[in-house]
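S.K.: Chains as they are written, first to last, in the working numbering: chain A, 13 to 259; chain B, 55 to 315.
Fair warning: there could be bad hints in the mix.
Stated by the list, open to error - No farther apart than 30 Å at their CA atoms in a straight line, the calculated lysine-lysine pairs in the BS3-like style are these:
| id | chain 1 | residue 1 | chain 2 | residue 2 |
| --- | --- | --- | --- | --- |
| 1 | B | K163 | A | K84 |
| 2 | A | K84 | A | K124 |
| 3 | B | K313 | A | K102 |
| 4 | A | K124 | B | K163 |
| 5 | B | K313 | A | K178 |
| 6 | A | K113 | B | K56 |
| 7 | A | K148 | A | K84 |
| 8 | A | K124 | A | K102 |
The set of hints was computed from the structure by calculation and includes no laboratory data. Nothing here was measured: the structure is a model prediction, and the numbers come from that model.
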Amino acid sequence: MIEVEDLHLAYPQAGGMENPVLAGVSLRVERGASLAILGPSGCGKSSFLYVLAGLIRPTSGRVEIDGHPVEKPRPEVALILQETGLLPWKTVWQNATLGLKLQGVADVKRIKRALRDLGLEGFERRYPAQLSGGEKKRVSLARALAQDATVLLMDEPLAALDALTKEQTQNLILKLWHKHGFTLVLVTHDIEEAVFLGQRIVIFSGRPARVVGTIPNPEMGDPAYRQSQTFFDRVREVRSFFQVPTP
Amino acid sequence: MKAIRRQTLGYLLSVLVLLVLWQLLSWLLEATLDPRRARVLPGPLEAFLVFPRHWREIGNHFLGTGARLVAALLLSLVTAVPLGLWVGHERRVRELLSPLIYTAYPIPKVVFWPILFVLLGIGSEVSKVAFAVLVVFFQLLVSARDAAANVPKDYVLSALAAGLSRPKVYWHVVLPAALPAIFTSLRISLGLGIFAIYLAETAVQLGRSPYAGLGFYINSSFKAFSFESVFAGIVAIGILGLGLYVLIEIAERWLCRWKYL
């Protein structure tokens, strides 16, 4: 379970000034649940994810994952970034195992299985430049599975993909979420993606950002959801949050 | 394989073009100047004929210059690259030290030559290598610093998130990301290094070492009005430079093979 209480974050600026990014964010995600965070560009939603990943320390507030305060990156928490998460000088295998201490045959088998499950068998020695956009995403997912992550944090992971590959990869993430039961936190600016993958959709807004809306979305979970009337209604409901009255 | 063959052909062709130009220029001087002055530019054949007669002498000087050059380049690499990566990657260090680096960078290092010479021993090997290191060091330092400062943030973040320690981030992320720029800089450094070693070798020699270097050989051939030998020395320096250049190229193709897919 992820618990965030009254989280404040400010980046120091030149001249001793502070640039406030997050102001009093509180939320909790049950173990194995999925949460989509929506918000305009530059609203601090990526920073929020970095706090959860243990990459930056909040100015104040409480952040806990499974009862432990988050202080540094941990193997059970995987972070997938938008485009450049894979290191171009490392092969698929090296990228998938980055940071893992491989101990024995069991670990190697687990990673091989993860690559196979994601259709990457035979790609182990290729470099990211030799992969398509969708394949690169699958390598990032394989890394998360390889480290046996119980929490998967995704920062606009599919923004650079074409529409069809994006849909396929969303279906794949959904399938993996069902199969492995990890807790999913997805940051996106794509409303359809948020509605497709989030059991709950949280809307960040303002500068510094705070939570301005929470929309339950319990009907998600099936690839066919995309076609349903509920899906379209939910998308409309979410979109209404961002409607700016035209003068 | 095809690319390598094409590149080898390119090198051979350029050598041929250079030789033809050299021969033409030599003929031109011969036709227009009086014979005494035209002697300063002998044709390629006359220069090459020096090799069979003096191959042992030239070979030893070649080894001397080559060893100094390689030593200077390696010393600069192992000092400038780690320092440059550190200064470039750590924001606080960067803000603190960058002004210092950029102040030192444009100063022509030649001005320190006499000082080094006195401090490290007149004509000593240490002073020659140290001078070349001084010339090359800042070149490599600045490019390593710049490259490390421009490593995409996402690479570093995803490595940290994967649990890599900060020292490991240098090894797995910052260094490989900066490596192409470092190789480009190393190629430039090769030219600078040859210049520095040449200059150092033309300075006062105490005693006559057979490994005094091509700089010494060319300089003393000049003084003896043996212009064929001067050009034989220049050809030898050219071969040395080209050989090291090709080695650097091979190393880059191996270490940065992800760039040549």
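S.K.: Next, verify each hint and record whether it holds.
M.R.: A quick look at each hint next to the structure:
{"no.": "1", "hint": "B:K163 to A:K84", "in the structure": "violated (45 Å)"}
{"no.": "2", "hint": "A:K84 to A:K124", "in the structure": "holds (28 Å)"}
{"no.": "3", "hint": "B:K313 to A:K102", "in the structure": "holds (11 Å)"}
{"no.": "4", "hint": "A:K124 to B:K163", "in the structure": "violated (55 Å)"}
{"no.": "5", "hint": "B:K313 to A:K178", "in the structure": "holds (27 Å)"}
{"no.": "6", "hint": "A:K113 to B:K56", "in the structure": "violated (40 Å)"}
{"no.": "7", "hint": "A:K148 to A:K84", "in the structure": "holds (26 Å)"}
{"no.": "8", "hint": "A:K124 to A:K102", "in the structure": "holds (17 Å)"}
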